[in-house]
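*Asks:* Given next are the chains, with one letter for each unit.
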Amino acid sequence: MRNSFLAQNPSMLWFIALLAVFTIAVTLLSEVTGVGLISTSFVKTLGKTLCLCLVAIAMDVVWGYCGILSLGHFAFFGIGGYAIGMWLMYARTEGIVLDSLAGQPIPPTPAEISDAIGNQIFGVVGSSEFPMIWAFADNLFVQLVMVVLVPGLLALVFGWLAFRSRVTGVYLSILTQAMTLALALYLFQNDSGLRGNNGLSGLQNIPGFEETSQATISILFFLASAVALAAGYVFFAWIVSGKMGSVVKGIRDNEARVRFLGYHVESYKLFIFTTTAVVAGIAGALYYPQAGIINPGEIAPIASIYLAVWVAIGGRGRLYGAVIGATFVSLLSSWFTGGGAPDINLGFYTVQWTDWWLVLLGLSFVVVTLFFPKGIGGAFDYLVRKPS
Amino acid sequence: MSMLLEVNGVSVTFDGFRAINNLSINFAEAELRAIIGPNGAGKTTFMDIVTGKTKPDEGQVIWGDKNTSLLGLSESEIARKGIGRKFQKPSVFEAQTVRQNLAMALKTPRGPFAVLMHKKTKPNAQRIEAVAEQIGLQDSLTRNAGELSHGQKQWLEIGMLLAQEPRLMLVDEPAAGMTPEEREKTTDILKEAAKTRAVVVVEHDMEFVRRLDCKVTVLHEGAVLAEGSLDHVTSNQTVIDVYLGRSHA
Numbered sequence: 001m002r003n004s005f006l007a008q009n010p011s012m013l014w015f016i017a018l019l020a021v022f023t024i025a026v027t028l029l030s031e032v033t034g035v036g037l038i039s040t041s042f043v044k045t046l047g048k049t050l051c052l053c054l055v056a057i058a059m060d061v062v063w064g065y066c067g068i069l070s071l072g073h074f075a076f077f078g079i080g081g082y083a084i085g086m087w088l089m090y091a092r093t094e095g096i097v098l099d100s101l102a103g104q105p106i107p108p109t110p111a112e113i114s115d116a117i118g119n120q121i122f123g124v125v126g127s128s129e130f131p132m133i134w135a136f137a138d139n140l141f142v143q144l145v146m147v148v149l150v151p152g153l154l155a156l157v158f159g160w161l162a163f164r165s166r167v168t169g170v171y172l173s174i175l176t177q178a179m180t181l182a183l184a185l186y187l188f189q190n191d192s193g194l195r196g197n198n199g200l201s202g203l204q205n206i207p208g209f210e211e212t213s214q215a216t217i218s219i220l221f222f223l224a225s226a227v228a229l230a231a232g233y234v235f236f237a238w239i240v241s242g243k244m245g246s247v248v249k250g251i252r253d254n255e256a257r258v259r260f261l262g263y264h265v266e267s268y269k270l271f272i273f274t275t276t277a278v279v280a281g282i283a284g285a286l287y288y289p290q291a292g293i294i295n296p297g298e299i300a301p302i303a304s305i306y307l308a309v310w311v312a313i314g315g316r317g318r319l320y321g322a323v324i325g326a327t328f329v330s331l332l333s334s335w336f337t338g339g340g341a342p343d344i345n346l347g348f349y350t351v352q353w354t355d356w357w358l359v360l361l362g363l364s365f366v367v368v369t370l371f372f373p374k375g376i377g378g379a380f381d382y383l384v385r386k387p388s
Numbered sequence: 389m390s391m392l393l394e395v396n397g398v399s400v401t402f403d404g405f406r407a408i409n410n411l412s413i414n415f416a417e418a419e420l421r422a423i424i425g426p427n428g429a430g431k432t433t434f435m436d437i438v439t440g441k442t443k444p445d446e447g448q449v450i451w452g453d454k455n456t457s458l459l460g461l462s463e464s465e466i467a468r469k470g471i472g473r474k475f476q477k478p479s480v481f482e483a484q485t486v487r488q489n490l491a492m493a494l495k496t497p498r499g500p501f502a503v504l505m506h507k508k509t510k511p512n513a514q515r516i517e518a519v520a521e522q523i524g525l526q527d528s529l530t531r532n533a534g535e536l537s538h539g540q541k542q543w544l545e546i547g548m549l550l551a552q553e554p555r556l557m558l559v560d561e562p563a564a565g566m567t568p569e570e571r572e573k574t575t576d577i578l579k580e581a582a583k584t585r586a587v588v589v590v591e592h593d594m595e596f597v598r599r600l601d602c603k604v605t606v607l608h609e610g611a612v613l614a615e616g617s618l619d620h621v622t623s624n625q626t627v628i629d630v631y632l633g634r635s636h637a
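Protein sequences, first through last, are from chains F and S. The first sequence maps to residues 1 to 388 in our numbering. The second sequence maps to residues 389 to 637 in our numbering.
Okay, chain S solo, but in the shape it has when bound (with noise of 0.2 angstroms):
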C-alpha cells in the first residue's frame, strides 16, 4: 500500500551535532500517530524537515500518489501541497479576531492578487463557522485571539490547521499548559480530524499519548527507537532505559 508520506534515510546535522540519524518513518492516510522521545531525540527537527524549514544533509522525503520528492520545495509550497503544522508555542494572530484567523487559513487560493481581490462568500462563512464548532470557538468568532486563554489559543491552531485542509497534520505538544478537561477536547478533537486525513502528534505526555490509543513511534537520538502500541513500545527495555536515563541525569 502507498504511504502517504516517506521519510526515508533522513539525516541532518547541526555544527557536528546529528540531530536526525539515518531516520526513516512512514505513515499512511488517514493514520492518527504519536511521536514521543526525551527531549533533544529530533522531533521538532523532524517537523522541520518535512515542512521545508530544515534541508536535510541526506535521504529522501517523498510526499503522496504521485511520489513527489518534499526537498527543494519551499515551505509554503508543501503547505499547500497539503502539510499543515502547528508549533509546540501557540502561534495565532493575537491582533486579529478568531474569524480572520480561521479565514487566513482556509483552503482558498494564496496568490498577492488572488487574496487582494478576495470576497467573502457564504459556503466560505459556512466553513468557518464549521471549524470554530470543531473546535468550540463558535461563540468567539468576532474575539481577538489575543484574548482567548491559553487552551482556547492552541485549539484556534488546530482549526487553522483544519481550514487549511491539510491530508497531514503535524502537531507539536498540542496539550502543554492545559487543564485535564482541555486535554480530553483536545484528544477529541485530533481524534475526530484523524478520521479524514493523517495527524502526527508529537508529545511528551504519556497521559495524553495513551488517551489518543494509537499507534506509537519513539524517537531516540534521531532515530526510531521503537514502534508500535502504547504498551508494546513502554515495555522495551531500551525505552525504559532511555527514559529513565534522562530523568536520573
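Excised from the complex, chain F in its bound form (with noise of 0.2 angstroms):
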C-alpha cells in the first residue's frame, strides 16, 4: 500500500524535493562553507522558521483537518523549549561554575558545585535552591523524553477533560487560550522554579561544543530542523491520508454521523490533539536554542492565535498550505518589526511598519478569510486540475 500512499499524496514528493533542495541551498551559501552569501543569524531565522513550520503543520492537523480550532498549541511548544532549555543552561553553567573552581587548592564538594550552579541560575529570581522539576536537568536523555512527554501528557490530560464533557467549537477555542494563559502566568511567577520572566537563556550555547563556531552550530541546528520537518510532513501526511484521514475529516464536517457509524469521536481528537502536542513540543526543542532565550511572554495566549492566523493565511486542510502561511507571514513579520521595511511618509502622518505592522496583518487575515477561505495554497487549485 506504499504506492497509494504516496499516489494520495504527490505534494509530499514535491514538497520533501523543494525542502532538500533549499536546506542544500542555504548550507552550500552559509558561512561554513565559506561562501558567506547567508549570514549566520539570517541561517538561525531561516532554521526557526523551518521550526514554526513544524508547528503549523501540527496546527494544520488539529484544526485543518479535524475541526479542532486549538489556541493553545504554542503552550506546547513553548514547554518543548523549557525542557530542552533546562538542560542547556543546567549544562552551561555547570561547566562554567566547574571552570571557576577548577584552580582552587581544596577540590570542590559535589554540595558546592551543586550550591554554586543554583546560585548562577536562580541568583536572579533571589534564590539558590533547585526547584523539584529541575531534579533530572543535569540529563540531556530524561529533558529530551519531556520534550516529548510534558505536551503529551499535558494535552492527553486536558483534551481527555474537554472532549469527554463535549465541548467544541468557540468554547473549546476559549479553553485551550484559558490553558496557555494560565501556564504564561504561572511561568511568570518567580517561584515557578524557571526563573519568572526572565525565562532561560544562553541557549545557543551548546555544551559540549564549546570550541565549535555559532557558524557551524546555527547549521546544525538548521539542519535538524529540516530534518523534523520532513519527518513531521510525512508522518502527518500519512495520519490525514486513508481511512484515519476519512474519520478525521468526518469528524470536522459533521461529528455526530460519524459517531452514529460507530466511531468513539473524542478518542480520535484525543490522538489528533495529543499527537499534535507532542510534535509541536519537538518543534520548540528544535526552536529556541536557534532563538538563544525563551521567556513566559513566548506562550502568551497570542502566540497561538498567531498559529492559527498562519494555517488561515497558507490554507486549511493542506499541509503545505501551512508551511506556506508560516514561512509567509513569520518572515514577512520579521521584516517589519525588525525594521526591514521602510516607514511611510504621508507628510502629515509616518506610518512606522513596527506599530502598523500587526494591523496589515490582521486586515490580510480579515481578506483572506473572507474572500480567500482556502488561502494561498488554495491558489495550487487552480495550477493543478485534479482528474476527475
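Derived by calculation from the structure, the hints in this document are not laboratory data. Hints are supplied without guarantee of correctness; some may be wrong.
Stated by the list, open to error - Computed from the model, here is a short list of chain S residues facing chain F with C-beta under 10 angstroms:
#1 S462
#2 K474
#3 Q484
#4 A493
#5 T496
#6 R498
#7 K507
#8 P511
#9 Q552
Unchecked claim - Subject to a maximum C-alpha distance of 27 angstroms in a straight line, what follows is the list of computed DSSO-like cross-link-like pairs (lysine-lysine):
#10 S:K579 - F:K243
#11 S:K454 - S:K441
#12 S:K507 - F:K243
#13 S:K477 - F:K243
#14 S:K579 - S:K603
#15 S:K583 - S:K469
#16 S:K583 - S:K603
#17 F:K243 - S:K573
#18 F:K243 - S:K510
#19 F:K243 - S:K603
#20 S:K441 - F:K243
#21 S:K495 - S:K508
#22 S:K573 - S:K495
#23 S:K603 - S:K573
#24 S:K579 - S:K469
#25 S:K454 - S:K603
The structure displayed is predicted, hence computed values, not measured ones. All C-beta atoms in this analysis are idealised placements derived from N, C-alpha and C, irrespective of residue type, glycine included.
Fit the two chains together into the complex; they arrive one by one in their own frames, and the hints show the way.
*Replies:* Take a look at the structure:
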C-alpha cells in the first residue's frame, strides 16, 4: 500500500524535494562553507522558521483537518523549549562553575558545585535552591523525554477532560486560550522554578560544543530542523490520508454522523490533539536553542492565535498551506518589525511599520478569511487540475 | 418470541414539555415498520432515545438476544451493537468521495489504532461495490459526495447504513424532497434491506408509507396511538381526528 500512500500525496514528494534543495542551498551559501552569502543570524532565522512550519502543520492537522480550533498549541511548543532549555542552561552553567572552581587548592565537594550552579541560575530570582522540576536537568536524555512527555501528558489530560464533556467550537477555543494563559501567568512567577519573566537564556551555547563556532552550530540546528520538518510532514501526511484521514475529516464536517457510524469521536480527537501537541513540543525544542532565549511571553495567548492566523492565511486542510503561511507571515513579520520595511511618510503622518504591521496582518487575515477561505495554498488548486 | 428491540414505558421531558410519554414499542427481527404521526409527535425524539443521543427520564430500552439495556451506552457503542441511523437531512461527508463515505461506514474495527493501520483489502472493496450497486451509485464511486443530487445523497446515506451491517436501521424521512421515481427506488432499497434486518422508517408521506406496505405505528403526543396495517390505522377515528385536527390548525 506504499504506492497508494504516495499516489494520494503527490504534494508530499514535491515538498520534500523543495525542502531538500532549499536546505542544501542554504548550507552551501552559509558561512560554514566560506561562501558567507547567508549570515549566521539569517541561518538561525531560517532554522527557526522551519520549526515554526513544523508547529504550523501540527496546527493544520488539529484545526484544518480535525476541526478543533485549538488556540493553545503554542503552549506545547513553549513547553518543549523549556524542557530542552533546562538541560542547556544547567549543563552550560555547570561547565562554567567547574572551570572557575578548578583553580582552587581544595577540590570542591559535589554539594558546593550544586550550590554554585543553583546560585548562578536562580540568583536572578533571589534563590539558589534547585526546584523539584530541575531534578533531572543534568540528564540530557531525561530532558529529551520531557520534550515529548510533558506536552503529550498535558494535552492528554486537558483533551480528555474537554472532549469527554463534549466541549466543542468556540468554547473549546476559549478553554485552550485559558490553558495557555494560565501556563504563561504561572511561569511569570519568580517561584515557578523556571526563572519567572527572565526565562531561560544562553540557550544558543551548546554544552560540549564550546569550541564549535556559532556558524557551525546554526547550520547543524538548521539541518536538524529541516529533517524534523520533513519527518513531521510525512508523518502527518500519513495520518491524514487513508481511512484515518477520512474519519478525522468526517469529524470536522459532521461529528454526529461519525459518532452514529460507531466511531468513538472523543478518542480520535484526543489522539489528534495529543499527537499534534507532541510534535509542537519537538518543534519548540529545536526552535529555542536557535533563538537563544525563552521566556513566558513566548507562550502568551497571542502566540497561539498567530499560529491559527498563519494556517488560515496559508490555507487550512492542506499541509503545504500551513508551511506557506508560517514561512510567509513569520518572515514578513520579522522584516516589518525588524525595521526592514521603510517607513512611509504621508506628510501629515508617518506610517511606522513596527506599529502598523499588526494592523496589516489583521487586515490580511480578515481579507483571506472573507474572500480566500482556502488561503494562499488554494492557488495551487487552479494550477493543478485534479483528474476527475 | 424474543424481540430485537423493546422500548418499555419510556418518558422524556424537555423544559416541562413531555416529548415522549410512557411510550412502549417493540420491533422484531427482519421487520419493516413505518412510524407516522404529526409534527411534534415524538418520532425524532424516539430515535434519539434508541440511538443514545437523548437519555430518557424513565423506562427501559432493551436490545437483542441478551436483553442488553441500551440506556447508559454512548452513541458510538449503540451503533457498534448494530443500530444504524439515517438523519432527516442527508448527512454524508460531502468533501469525500462516495467510496470513502462507504469505506468509513463499512463494518470494520472502529478504534483509532485499528483505523490508522487499516489496509484496503479486496473483500472490503467488493463489499463497497456491492453496497454501491444496491443504492444505484456504482458508477459514482469516485465522485465527491457533495456533487451528488439530493436523492443520491439520501441513497448514499442509506448505503452507509447498509455497509454498517446493522440489525436495526432507523431511517428518518428518507423520501423527503425526492421525485416520484426516486421515491419508488427508495422503497425498493428499504424493502430489500428489510429482508435481512429490521428497518424502521419515520415518514410523513402517506403515499410513501402505502408503497412500503408494512405494519404502521401512529405516534401522537409521545405515545402510540394506533398500530396495524395502514388501512387499519387510517380508518381509526382518533387517528383521523389527530391528522385532521392538525391540518385545520
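*Asks:* The structure should be examined with respect to each hint, and the outcome stated for every one.
*Replies:* Against the structure, the hints come out as follows:
no.: 1; hint: S462; in the structure: 7 angstroms, holds
no.: 2; hint: K474; in the structure: 9 angstroms, holds
no.: 3; hint: Q484; in the structure: 6 angstroms, holds
no.: 4; hint: A493; in the structure: 5 angstroms, holds
no.: 5; hint: T496; in the structure: 8 angstroms, holds
no.: 6; hint: R498; in the structure: 5 angstroms, holds
no.: 7; hint: K507; in the structure: 6 angstroms, holds
no.: 8; hint: P511; in the structure: 15 angstroms, violated
no.: 9; hint: Q552; in the structure: 6 angstroms, holds
no.: 10; hint: S:K579 - F:K243; in the structure: 31 angstroms, violated
no.: 11; hint: S:K454 - S:K441; in the structure: 22 angstroms, holds
no.: 12; hint: S:K507 - F:K243; in the structure: 8 angstroms, holds
no.: 13; hint: S:K477 - F:K243; in the structure: 24 angstroms, holds
no.: 14; hint: S:K579 - S:K603; in the structure: 13 angstroms, holds
no.: 15; hint: S:K583 - S:K469; in the structure: 19 angstroms, holds
no.: 16; hint: S:K583 - S:K603; in the structure: 14 angstroms, holds
no.: 17; hint: F:K243 - S:K573; in the structure: 30 angstroms, violated
no.: 18; hint: F:K243 - S:K510; in the structure: 15 angstroms, holds
no.: 19; hint: F:K243 - S:K603; in the structure: 39 angstroms, violated
no.: 20; hint: S:K441 - F:K243; in the structure: 25 angstroms, holds
no.: 21; hint: S:K495 - S:K508; in the structure: 13 angstroms, holds
no.: 22; hint: S:K573 - S:K495; in the structure: 24 angstroms, holds
no.: 23; hint: S:K603 - S:K573; in the structure: 20 angstroms, holds
no.: 24; hint: S:K579 - S:K469; in the structure: 22 angstroms, holds
no.: 25; hint: S:K454 - S:K603; in the structure: 25 angstroms, holds
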